[in-house]
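Both chains come to you apart, so use the hints to assemble them.
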Amino acid sequence: MIGLSRWRSWAAAVLIVLVASGCTTATPAPDAYRARTKLAVTDAISHVATAQKVLEATRKNKILGPYALVTVRASDETLGTVVGAYLELYPPQQLDPRFTKASTLLGDASDLVTQTRIALYRDDRADFPGLIKDLDSLSTKLERFEKELS
Amino acid sequence: MKKLFAVALGILTAIGGFVDIGDLVTNAQVGSRFGMSLAWVVVVGVLGICVFAEMSGRVAAVSGRATFDLIRERLGPRLGLANLLASMTVTLLTFVAEIGGIALALALATSVYEFLWVPFTALAVWLVLWRAKFSLMENVFGLLGLALVVFAVALWQLGPDWGDLWHQAGTVAKPGSEDWSTYAYYGVALFGAAMTPYEVFFFSSGGVEEHWSSRSIATMRSNVFIGFPLGGLLSLSIAGCAAVTLLPAGISVDTLGQVGLPVALALGKIGLAIALLGFFAATFGAACETGLSLGYSIAQYFGWQWGKYVRPREASRFHVVILISTVLAVAVLLTTIDPVLVTEFSVVFSAVALPLTYFPILVVANDPDYMGEHTNGRLANFLGSVYLVVVLVASIAALPLMIWTKMGQ
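In the order they appear, the protein sequences are chains A and B. Residues 161 to 310 (the working numbering) are what the first sequence spells out, left to right. Residues 3 to 411 (the working numbering) are what the second sequence spells out, left to right.
Think of the hints as simulated: they come from the structure by calculation, not from any bench. Source: prediction; values computed, not measured. Yeah, the Cβ is synthetic: ideal placement off N, Cα and C, and Gly gets one too. Treat the hints with caution; some may be incorrect.
[Unchecked claim] Pulled from the structure, derived: some chain B residues nowhere near chain A, Cβ distances all over 12 Å:
id	residue
1	Leu86
2	Asp163
3	Ala220
4	Ser224
5	Lys271
6	Asn383
7	Leu394
[As the list claims (entries may be wrong)] Lysine to aspartate or glutamate pairs mimicking EDC-like chemistry, simulated, CA-CA at most 16 Å apart:
id	chain 1	residue 1	chain 2	residue 2
8	A	Lys198	B	Glu375
9	B	Lys271	A	Glu216
10	A	Lys198	B	Asp181
11	A	Lys307	B	Asp166
Here chain B stands alone, though its shape is the one from the complex (with noise of 0.2 Å):
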């Protein structure tokens, strides 16, 4: 029974901690602009999370050990350094998006500008990393981000033709009046926001810091396969609202507030009140998840003490990184740039470092020497190696798609 209970405990959690402030933007955008033409997009960033995350779940459960602290053991210290700076980069940048889209989320519930509330957040968020036990962070914001399921109902109450949905769905097609530059830029980030490489640094981390061991294989596979896909029917459901409601009007969104109107709209205050609430859970589990992120990925390169599991004293230098994280990425939304473009620019640089992200993963997981009889067997690598090619064409593909079309214009 208790078994049983934290299956489920982390069926939810994986459910309610998959949408973040990426996810919520970028499937808004891609919903009101698209419709669901690129709803493909989103399953196969779904499969290929589900893959990778599996393969660094398995490797934390049966080394005890992080991923980047094999990488640079395993694939040495100069492309570790690489692994390092790419991933570093895009989680930090992920980190202020984050933080940000919980300001935004306060705004639109007491009307107090953005700005404002961020030093507040930053130092809630940093209290939260500091203070508060892991297993109650992780659970409590990815029950709370549950609440994010209010979109699949309102999309139900918006009563759409669902033959139409499921037609766009299953078409390669887009509106007229967009080009197929934009088309291919808006996929490319939405698979960046699917993919991004802070949920599998997070993911086996946690793994260590949850003291997984080879017994706890299938419930990490229960939760990754179970969870993650049903966190992907939120996105998915998130996109369907923007494609009912605020395609046919012309809005194209550009702010967090298109983003929960349809919610509104087809439930009214309460159903926006949980919105919000899902808009808070996501964005601040989220800031909690890539704040850790940083300080692991550092931590670990460096073999340095890590982790919520030993006292603050005993991770000094893992807390200053996240301490430092927490500044810059104040000081950065303080120069009042806008949170949104921040997430666009997050997601994009997501998918230019996703190939440094989990070759080394696919690496690891297929060395016995580490794995032992749980090496990657033939499906998993068959999917990895796939996945490979495609996170490699989404990279190369990326900043030329953000440039050429201006940021999707």
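In isolation and in its complexed conformation, chain A is listed as follows (with noise of 0.2 Å):
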């Protein structure tokens, strides 16, 4: 009896942590982190780069205000999302320096993109060309990690 009880503590004990891995964010192996890091960047790339040509055009007078506004407010939430999702993963511990650096420009990345939604809401066009400067610079690096990705 007694090690009946003991073989179903054990198979509870083992039940437990099998559901609870389930529910943890999983430590990808390191080549799906890579390509993990690499989808997120390549992502980022897109929405600095369209946060960019929103801003230009808004500053030649050549787009409508709520079309660029929308456009940016798009951008920023999916990359939200996108730079969410990657910082929730464990990074193989050999990819630590990577993690850094992605977090870093991914970090930098959402950050550029709301400041240039909260520009356009606010029409803040003495604003505009630091903000084009910032987010040029920005997409150099990301374009430049992505090769080193590669």
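Shown next, in the form of structure tokens:
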């Protein structure tokens, strides 16, 4: 009877561990982690470039105000989701430096696109040249990092 | 003169009505990631839709009955039901995407969140389907859809290297950063967007609504063989704009706002306003077509009175189907699902459902009991058979590619 009870306890413990492990964020294998990083960086490049194009078009008075705002708002929301999902991952230990760099760049991208959205909403035209320069510089860094990941 | 006007109007509305949310999004996505290297798929898709639209239009003109009406009678209730379920699912998904597309276009014009627009746009679509005359609805949105010609003007204004674009279009190649599986996935999605099943149902049922007869076949053919390819050129110009502007900047299209960005860069505010009008007309027109197609399919299968050529009271069940579909579409969109994501699903599932839609049309168009002297000739049968093989391949490949590439990631 004692043996059966112990077996049940073990089975329950194993079940709890299995269920709990299913509820946590996985640590992907290094290759899968690199692929996820590259995907997140590629998405960031796309949304940073979108914000830059919209801002340039606004500065040249080539785009309708609501259109510019909605386009950057959508980029901001999508990028926020992408960065959030990436940061939830647990990087393999050997890739810690890459994770640090990726999370810094992705965080910068998300912040800058948010700033762009706010500047467009407030129509802070004085901020546009500085933001365009920052977006351009961040694009270059992201593209360089994307090449490192390839 | 009156006939010439009717032909010209038919061609213009066919061009303007060709592009819907699936074409807008998929062509821009493909252009921004693969340049013009998938242009051949648009050409293959447009030829395919011409082949089957001509057949279904001819069936409607000769028999005076629409496709679903005959499919059940000719192939039996079981195959008819399979056809109904497959096409209904895809058409409902497309209807949801189109209503979402209208809301997105209005959000871009006003900066009010798209989800707030959803109930109003759905109500407007339903009111048009309930009250407006068929010809008025078709002509107004078809003609307004011509605003999308602004993409062709923008492409010309952007001054691309035409030789390079031609080279891309003539080569089956992909950028180094993309996989062949992703290339194939977008090829299938583009094909599904060009050959959407609802187009033939709407076309043939529309023929019955407009009382086509054998004498209408020449006009119908001019609409199909001139209007649809020119509509296909609009699709290519959307892809071209994305290839010239977005691809070099590393922008891959996720939102409708990104689709119109090249027009703003090339033509400024006026161009963008015209593009927005085009987005609105294309999605509203397609929402009406898909909404009607849902009513047509079910009513024709069950043998109910259908159509807008009779009073709503006389086709009450047909209108109830449209009303329920509209409420369903609103319910789906108010979950705050991204309409662009719904569009991506709808074009892939269109590809899955293609054989079930097009095989019965080929069978009915070959039946001399219905078609008499207008039964398919050798060329129509050859092209129809070739396309059945192509749609079968696309249908089988669509879901595995979607899963394998994680929807083109």
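Going through the hints against the structure:
1. Leu86: Given a closest Cβ separation of 36 Å, the condition holds.
2. Asp163: holds, 20 Å
3. Ala220: holds, 43 Å
4. Ser224: Nearest chain A Cβ is 37 Å from B/Ser224, so the label holds.
5. Lys271: About 6 Å separates B/Lys271 from the closest Cβ of chain A, which leaves it inside 12 Å; violated.
6. Asn383: Holds: least Cβ distance 46 Å, greater than 12 Å.
7. Leu394: holds, 32 Å
8. A/Lys198 <-> B/Glu375: This hinted pair is violated, its Cα atoms lying about 60 Å apart.
9. B/Lys271 <-> A/Glu216: Holds - the C-alpha atoms of A/Glu216 and B/Lys271 are around 13 Å apart, at most 16 Å.
10. A/Lys198 <-> B/Asp181: It holds: about 14 Å lies between the C-alpha atoms, which stays within 16 Å.
11. A/Lys307 <-> B/Asp166: Violated, because 25 Å separates the two Cα atoms, which is more than 16 Å.
Of the numbered hints given earlier, the model fails hints 5, 8 and 11; all others are met.
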